[in-house]
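Chains as they are written, first to last, in numbering that gives the first Met the number 0: chain Y, 0 to 183; chain V, 0 to 229.
Do not take every clue at face value.
[As the list claims (entries may be wrong)] Straight-line Cα separation of at most 27 Å, DSS-like style, residue types lysine-lysine; simulated pairs:
| # | chain 1 | residue 1 | chain 2 | residue 2 |
| --- | --- | --- | --- | --- |
| 1 | V | K64 | Y | K177 |
| 2 | Y | K177 | V | K59 |
| 3 | V | K190 | V | K105 |
| 4 | V | K105 | Y | K177 |
| 5 | V | K142 | V | K90 |
[To be verified] Away from chain V, derived, C-beta distances all over 12 Å, residues of chain Y:
| # | residue |
| --- | --- |
| 6 | F52 |
| 7 | S68 |
| 8 | T88 |
| 9 | H113 |
| 10 | E179 |
Please keep in mind that the hints were generated in silico from the structure rather than gathered at the bench. Please read all numbers here as calculations on a predicted model, not as lab measurements. Every residue gets a Cβ at the ideal spot worked out from N, C-alpha and C, and that includes glycine.
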Amino acid sequence: MTFRRLTPYLLISLALAWFLFNISEKKKSLKQELVNVKQSADYSIEQFSVRQFDNQGQLIHSISASKASMENQEMQLTAPRVKTRSQKTVWDISANQATSTNNHQKIVLTGNVHVTTQNDNSVSPLHLSTNSLNYSSNKKQISSESEVLLQDGGMRLNGTGFIVDLLNENYRLLSNVKGENRYE
Amino acid sequence: MSNLSFATLFCFCLNISISFAASAEKLEADSSFGQRLEGLIQYQGNVRFSNADLRLHADKLTTRKPTNSSAREITASGSPVKIHQSAPDYKLDAQSNYLQYFPEKKQLLTKEKVHILLDQIGQGTFDINASIVEYQFTSEQKKSLLLEAIGSPITFEILDSDNNKVSGKAEQLNYSSVTGELILESNIEFKQLDETFKADKLIYNVAKKEWRIPAVKDKRIEVIKKTTHE
């Protein structure tokens, strides 16, 4: 075959090779863009609020915050408030900040954390103040290794570290307990 | 108008003083466990409790809130539980393995290896070892004391301000600081100076230092006197 006959075939081959090379480069750059998109905040919500229910339709808890930002599969909450109910008592937990993971099954609250109870029965309310607190919806428990001030009726207790069983309304102060009870 | 203002101010100050008259108890422990639905708080490890009436040291202490049918109650256990109480006329130190305390009644029930040392300031001391002792101060100033003891046997010793000693054993003991009488019952052995009396009931007046043994049917009194040989 002469050179003149081969030239069109050569040109088509070159064009095809160039076309395929361009496509593969575009794919690479697209992948890079997608990676970059995943590493930045997925979304941010103002006046966030969610209620979660179990398989029987019972309310597990309600969570609200002035702002919620999703980052790296963690939700950062500003001015969070968690409310959960067990038996006849509503537990109300508030803080400056919180980090929620596992679809709100675990929430770590930090900064000016307050817990209060509201009862349907005659049990006196409980107030708890601490710097940080771990909330577990599965265990129905709140816990911390920080210093805590707990007020149960007329009894005022200071301690270091605590575990509160929200279902049975039992609490443990783990160390350095000092208390004062005022009664009439 | 000025009288009305003064009356108003007086009532206001009186209200403040009444509100601050609420009693306070202090507690320290290594750890605590609260059961809110049961009205219980348990303290464990080097427990120190104090209020206007007493100071207490125990291994474990439980406070129970009052209910419609029961008064507020504090129980303590330890090896042993130690109590100290004082008033202008009294000092009382008690030890036992177990204690039940009713703060509003100023009543204590002590059990297991009970030792009580009562110092009636200026009058003498009263030392008791028993299995169970229940005592109660019946006035705000702890001027009146009722005490009841059970043991197998109870041993006791009374020292007056001149260091004269009376001692003995019995299975039941009752003491009232109002009457000044110590009533002993069951298998009594009562020692004063060089004489020992065995009887089933004996009444000793601590203030007058006099004793009497009432007649009990079918029971005889035994007197043992030490003699010195020259």
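Outcome of the hint check:
1. V/K64 / Y/K177: 19 Å, holds
2. Y/K177 / V/K59: At roughly 14 Å apart (the allowed maximum being 27 Å), V/K59 and Y/K177 satisfy the hint.
3. V/K190 / V/K105: 32 Å, violated
4. V/K105 / Y/K177: This hinted pair holds, its Cα atoms lying about 24 Å apart.
5. V/K142 / V/K90: 11 Å, holds
6. F52: The assertion about Y/F52 holds, with a minimum of 25 Å to chain V.
7. S68: 36 Å, holds
8. T88: Since the minimum Cβ distance to chain V is about 9 Å, Y/T88 lies within 12 Å and the statement is violated.
9. H113: 18 Å, holds
10. E179: 6 Å, violated
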